[in-house]
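Trainee: Each chain, letter by letter, is given below.
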Amino acid sequence: MSHTFPPHVIAEIQERARLGRYGVRGRGAARRLPGFDDLLLLPAAAATRDGAARRGPCRTETVLGTRYARNPVVLELPVTLAGMAYGSISPGAKEALGRAATMAGTAATTGDGGMTPQERDAAKTLVYQLTPSRHGVDPDDLRAADAVEIVLGQGAHPGPGGLLPGEKLRPRVARRRGVPPGVDLRAPADHPDWAGPDGLAVKIAEIREATFWRVPVFVKLGAARVAEDVTLAVTAGADVVVVDGMQGGTGGGEEVLIEHTGLPTLAAVRIAADTLAELGVRGEVQLVVSGGIRTGADVAKALALGADAVSVGVAALIALGCNSSSDDTGADVTADYRALGTAPGACTACHTGGCPVGIATQDDVLADRLDPDLGAERVANYLRAITAEAALLAAACGHASVHDLRRDDLVALTVEAAAMARVPLAGTTWIPGLPSGPGGG
Amino acid sequence: MAEVTLDADRLGIRGLNAALHAVPAGAHVRVLNPRGRHNLAVGLRERIAVDFAGPCGHYLGGLGACAEITVWGPVGRGVGENLMSGGIRVRGDAGGGAAAAARGGTIVVAGDCGSVAGIGLAGGTLAIAGNAGPYCGRAARSGVILVCGDADVGLGDALGDAVIYVGGRIAGLGDGALAAEPDENDLTAAKLIAATCGFDHVDPENLTKVTSVRYRPRLLSGRRAAGRPPVPGRLSAASA
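Residue numbers (my numbering), protein chains in the order written: chain A, 2 to 442; chain B, 735 to 974.
It should be emphasised that the hints constitute simulated quantities derived from the structure, not laboratory data. Remember, predicted model here, so these are calculated numbers, not experimental data. Check each hint, because a few of them may be wrong.
Claimed, not checked - Residues on chain B that point at chain A, a partial pick, calculated with CB under 10 Å: (1) Gly-796; (2) Gly-830; (3) Gly-831; (4) Ala-856.
Every residue, glycine too, gets a C-beta built ideally from N, C-alpha and C.
Using the sequences and the hints, build the whole thing.
Mentor: Structure representation (structure tokens):
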């Protein structure tokens, strides 16, 4: 078998030859990337054990937006729910995520297409996304939010915007977005009303004026030129920088962008944290990292690398029921996955609108397959479980708070991960790419 | 009607906006010394009239509703950005992105507009007495843009359901835009806008109408799309 032309590559070429177009799908990069699994945490050993730190529960409280906002966001967990578009997922799914965030003590995030009343009611703490498309942006919703997130990019496709096929643009979604129903939508890459660093600064100031300087302003970046973008966001006045790595999901995007653009989350978090430190704003500007966060171990490692919190999207949807073989009525929906050309556990067909478990759909019949109460409970359980895992790991490393985790709690299993995360290769003091010296080769 | 005078030099941006938000409905406010400051009269929610006695900076009247704002001078970028209702009248030129993503209301510019005027317009009306810069009406989803003078290149690029009327010359249409003859409905609409805005220098009978060709690119939707016939058109163009 050819390594250059294996069967799946041949099949892709044949499909493009037949259709003359490129592939579109949901979720994030599926290729093997250096990630948090390539890092290990070093528990407190005899030489570093601090008895005081190990007594009592490990704290997980997280505060975001302490720089300029009058009311920073205070969370019980270092994990938030990432933004998901109204149109991409069903109203019931949005409501379930909002409710789950409230149950677990964290924040949910709106998405392209605006805020639904159910979502606002369900989520005690809600971050309002201002996306380049501006679909459904309502100043009243902006003021009703607990934070505003200006989206400059998304890890799955850091350059262009996402896609919303016409199948999912049902009349109620179209009305909220102010577009005709049934058309394929391509979100623009850029915000319509500003360009460049100075423009972002004035835009952030506008949001502050419109919200009376009450709520924090987050700036979300798709991980690409992370140091430059973080510098821009900080200089423009962001309270919180959100960096979304290339494993971050999308409701619909071009496969070639998903798999071949951006930076792995592991590299992005380290660069972003170092940039904040170089700018002298660590602790003043918080860093939220997203893109392929799945477990409490991922949370702990991201915090150790310098994040103040992480955001979960795809993992939250999986907790909600995505890729399950049965829906909330108990019915086996394997045949519906098969009709989409996929299977439970391997589905990335969010963009088709035919989600067999009623999450990534606007079809009312399919949407009824998700019970928002049950879904919220599952997501809240998941959030609590990964937070407990992260706290367990932090305590094992001798810390009284998950936010005390630091980079020297980490070692890498591979040279690539060591170079990206700037932590030593396990069993050595070698950090690839750094000059000789303490911790270096 | 209550008459209120506020001094931007004394209050600063934050203080001035707080004062404007505190003014009761029906009041008329005169703002002295705006001096090109950005983000003035942002997010207003009451039916008040505000006169700015001089130039204003970026995002004048952005994210607002209900208020009637007049600027006696030019404004910067993004005047009336995401406006929901009410009106903004600029007695001068406007920078780029006038009425960007506005969802309602009327924005009248007595002079010329910079680039991407009416970009992402999602309702409401943008009326320009003078000329419009490049890419006017880009990705405008709904609403109306009237350009009494000339329109630069890229007019109506990636246009959605919005309609653009141009009284002067068009340097070039954008991707997916189409010049058409106005019909009776267009004539009525253009006359109404011109009359409302006090534009007596434009002849509604001699306007060019620009709309979208409205092609709908189809996406390759995994296995379900396999049986679809290819549709002509470039998928790379924005369709919103």
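Trainee: Take the hints in turn and mark each one as holding or not.
Mentor: Results of checking the hints against the structure:
no.	hint	in the structure
1	Gly-796	holds (6 Å)
2	Gly-830	holds (8 Å)
3	Gly-831	holds (4 Å)
4	Ala-856	holds (4 Å)
Of the numbered hints listed earlier, not one is contradicted by the structure.
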